[in-house]
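Number of protein chains: 2
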Amino acid sequence: LTPRNGAIEYLTRFLAASNQNKKPKLAKGTRDYHALQMAVREKAFKIIRNVFARHGAVTIDTPVFELKDTLMGKYGEDSKLIYELADQGGELLALRYDLTVPFARYLAMYNVGNIKRYHIGKVYRRDNPAMNKGRFREFYQCDFDIAGSYGLMIPDAETLKVMTEILDDLPIGNYCIKLNHRKLLDAMLDICGCPAAKFRPICSAIDKLDKEPWSKVKTEMVEEKGLPEAVADKIGKLVILKDEPRALMTKLKADAVFKGHKAGEQALQELNLLFDYFEAFGICGKISFDLSLARGLDYYTGVIFEAVLTDTNQVGSIAAGGRYDNLVGIFSNGKDIPAVGCSIGIERIFTIMEDRIKKQEVAAVRETETEVFVASVGGNLLSKRMALCSKLWSADIKAEYLYVDKPKMQRQLTHVLEAGIPIMIVIGEDEVAKGVVKVKDMSAKEEVEVPETALIEHVKTILKKYEC
Amino acid sequence: LTPRNGAIEYLTRFLAASNQNKKPKLAKGTRDYHALQMAVREKAFKIIRNVFARHGAVTIDTPVFELKDTLMGKYGEDSKLIYELADQGGELLALRYDLTVPFARYLAMYNVGNIKRYHIGKVYRRDNPAMNKGRFREFYQCDFDIAGSYGLMIPDAETLKVMTEILDDLPIGNYCIKLNHRKLLDAMLDICGCPAAKFRPICSAIDKLDKEPWSKVKTEMVEEKGLPEAVADKIGKLVILKDEPRALMTKLKADAVFKGHKAGEQALQELNLLFDYFEAFGICGKISFDLSLARGLDYYTGVIFEAVLTDTNQVGSIAAGGRYDNLVGIFSNGKDIPAVGCSIGIERIFTIMEDRIKKQEVAAVRETETEVFVASVGGNLLSKRMALCSKLWSADIKAEYLYVDKPKMQRQLTHVLEAGIPIMIVIGEDEVAKGVVKVKDMSAKEEVEVPETALIEHVKTILKKYEC
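If you read the sequences in order, they're chains A and B. Going by our numbering, the first sequence opens with residue 737, and the numbers climb by one from there. Going by our numbering, the second sequence opens with residue 737, and the numbers climb by one from there.
Here chain A stands alone, though its shape is the one from the complex (with noise of 0.2 angstroms):
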């Protein structure tokens, strides 16, 4: 060692050292979930699953890591997102980006015909973080996809019809999914003379309608990506119009927007027949047909969509997907196969009903499920506390008593009501000699005295009224 080299060792061991009696952290752009918000989570993903599987939906899972080679050359310019795996001799590994490529590289790979998955995962991204948004760089994705040769627009439909219900379900207020199609919104920029070569650009700059003034977007069109400006003010009159579907079909048919050009009145008469499905799933009034829908992703080809909250000022979609008819055949040699599908942007929705619990818009949540805690007053009575919750248990009643030999009784009661148990069953010495428990009622603020041998019952019978 050099003296320098010394110094740098001392340092490091100093560091080190003072690093011992520092506070454990996290990694930058990830949390904990802590019981409250499991069980907000928890919930979310209940109604959300049950929506999937209400339509007959399977679930798949793969790898949170997949072959470097597999992830690359798929996000466009996001690629520098992708956490990557050291090299510690091996393959080159990367955390998966997004569910959609895993789910292309699973179709491809096990050559499946058609399937109709759902999938809850986390994925991870090295975005800048703004947690308070419910932007992380660890975050989940609920992707639910129909991929398979199936009736024009019939998958398409039953994707959106599984987005209104979970919407509909989850209890985060009112919202409106806007819906466009790629093809007609390319129609509608050949049409305005914008030069095929600047569909995608000019639609990234037609994707920021949302959060931007028109003025701005076109500024963008104009200046930064060279539109002439008669162009753009033709493409400015129709990104305006929205309408509820068959209105604006309506009008664009009377106004003969599209009239002649071959592509956008095939992706009319696509839509048209999208909306005869939705009117048959009775979902009309959700849907907002609008021509300023872009949205960023590459890979769409047919319909597009997402969903945005009405009751609230906040900004962004909590749920989009589209059709994509071509990914699938970058992992099989070209071998498409046709897939819709839609993702929801499930970390805003734990924000969102996180908000409105504090709120008190919606009821609380739970941390625990359990329906039954059993009390003692004196000493003694540690295993017949055992006894009494293993009776319940083996019932599947979801029963708890505290660790404690002698617990006072102000602390089994705090207990109780801290955790919202609904049930309190009360035994001393005496119950003990006669046989017989109290069981409280807690939310009705009775209490009864019923012999060992039915409790069980009176418990069921209590649960039971609370069930709804």
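The hints are simulated quantities; they were obtained by calculation from the structure and are not laboratory data. Quantities reported herein were computed from a predicted structural model and do not represent experimental measurements. Honestly, I wouldn't trust all of these hints.
The list treats identical chains as interchangeable, and a pair is accepted whether it falls inside one copy or across any two copies.
Within a straight-line C-alpha distance of at most 35 angstroms, the following computed DSBU-like cross-link-like pairs (lysine-lysine) qualify [claimed, not checked]: (1) Lys-759 - Lys-858; (2) Lys-995 - Lys-1095; (3) Lys-1176 - Lys-973; (4) Lys-1022 - Lys-759; (5) Lys-1127 - Lys-1196; (6) Lys-978 - Lys-947; (7) Lys-1095 - Lys-1127; (8) Lys-1201 - Lys-779; (9) Lys-858 - Lys-947; (10) Lys-987 - Lys-764; (11) Lys-1200 - Lys-1181; (12) Lys-989 - Lys-973.
Position chain B against the provided structure of chain A, taking the given hints into account.
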């Protein structure tokens, strides 16, 4: 570029190009879960979660990656199995190796005084995978722990009760839980004349007794670890002792094995108390007090236990745990929080469940939960099928239909049979005109015609019949 470099570049490009034609691959030691495997996995998780909830546990979640510092120095030699993330500028991160160290970090970070929590999550180890035996590089752990200062042996008894309920509820056959006490083990070694410095290495030799004969273990003790043969022989006479908790306790007292050894007598006293609680819980018959149980991990400080299946020849534990009173202190400047917990070997359980389903020893599992399939005969009934499904979905009934315009009856029936859907609804133009639907109860092979207005009620009646 020198010619040599050019050649390498050419080769690289050639390999990359031919790689495009290869089937996509998974990272070594990882797997996709297909729909049926997921159904088995979800069934197991549901059973396990229900037991945790039945005992009033909350659940928490921690990130998949932690600061590298948090994980390093906690796993001894196994630290080399930790997956590190690439240094992409920023923090040094690593994938979690288990759920226990993140739990200890969690307790210290938020200064949690007591918590009864479960955590189900994926962990990562760069180990040699043996995937047919259920050993993966990405795999699930299901942990239950009680942290906090409570009455002696009460949380320990609860943890073992939880373990028995999970193993009883899972369809995996009969099992036995081996139990010992780290302090009793140390006392035993001490009494036999083993020097304290050799306690842990000798323990790790004893730990192999479930896979190797005594002669081999003795050789390891004497030749590798330098224990005098007489000491090894003394140990050999004790480690063969195992019996029902009370029976072995009586024998150890009668033989005065630990008499006069303070720590040994204290451990026996603790176990005696624990066995009282086993009696209150009625689980004595599931426990084998076994002096050969040592458990590999260094951090255990009290009771240790391990469950093995008794109907199969497969060795290895399917659940294990113990008390670790000094682990949290590492993260909180020595401020310890006593804790006891168990971990369920869920990947092995998945494998066992899949095997038993294949052998038809337990009931088959369905990929989907679909309750009703809506079929049609003839054409032009797509919207009607959609409307009927919509009605069923509104009543929270799980329903499906084929996503094609004019499905053939054969194709619809095949789907119903393959997916094991219990109810099939059939409509034709006649039925629609009359406002009725045909409802087929698939397993009863009964078909009735009911008015469309009575459909929901009728379907619910059939479903109720098949519940439970």
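Outcome of the hint check:
Taking the closest pair of Cα atoms, Lys-759 and Lys-858 come within 35 angstroms of each other both inside a single copy (26 angstroms) and across two copies (25 angstroms). Taking CA atoms no more than 35 angstroms apart as the test, Lys-995 paired with Lys-1095 passes in neither setting, with 51 angstroms inside one copy and 63 angstroms between copies. Proximity of Lys-1176 to Lys-973 under the C-alpha cut-off of 35 angstroms is found in neither arrangement, the shortest distances being 68 angstroms within a copy and 55 angstroms between copies. Proximity of Lys-1022 to Lys-759 under the C-alpha cut-off of 35 angstroms is found in neither arrangement, the shortest distances being 49 angstroms within a copy and 42 angstroms between copies.
In the homo-oligomer, the alpha carbons of Lys-1127 and Lys-1196 lie at most 35 angstroms apart both inside one protomer (13 angstroms) and across protomers (32 angstroms), since each shortest distance falls under that limit. In this assembly of identical chains, Lys-978 and Lys-947 lie within 35 angstroms of each other by CA distance solely inside one copy; the values are 16 angstroms within and 72 angstroms between copies. Taking the shortest alpha-carbon separations for Lys-1095 and Lys-1127, only the inter-copy value of 34 angstroms comes in at or below 35 angstroms, while the best intra-copy value is 39 angstroms. Both within a single protomer and between protomers do Lys-1201 and Lys-779 lie at most 35 angstroms apart by alpha-carbon distance, with minima of 21 angstroms and 28 angstroms respectively.
Within a single copy, Lys-858 and Lys-947 get their C-alpha atoms as close as 28 angstroms, which meets the 35 angstroms cut-off; across copies the closest is 38 angstroms, which misses it. Taking identical chains as interchangeable, the C-alpha atoms of Lys-987 and Lys-764 are never at most 35 angstroms apart, the minima being 50 angstroms within one chain and 56 angstroms between chains. Proximity of Lys-1200 and Lys-1181 under a CA criterion of 35 angstroms is satisfied in both settings, with 16 angstroms inside one chain copy and 34 angstroms between copies. Within a single copy, Lys-989 and Lys-973 get their C-alpha atoms as close as 16 angstroms, which meets the 35 angstroms cut-off; across copies the closest is 94 angstroms, which misses it.
Of the hints listed earlier, those the structure fails to meet are numbers 2, 3, 4, 10, in rising order.
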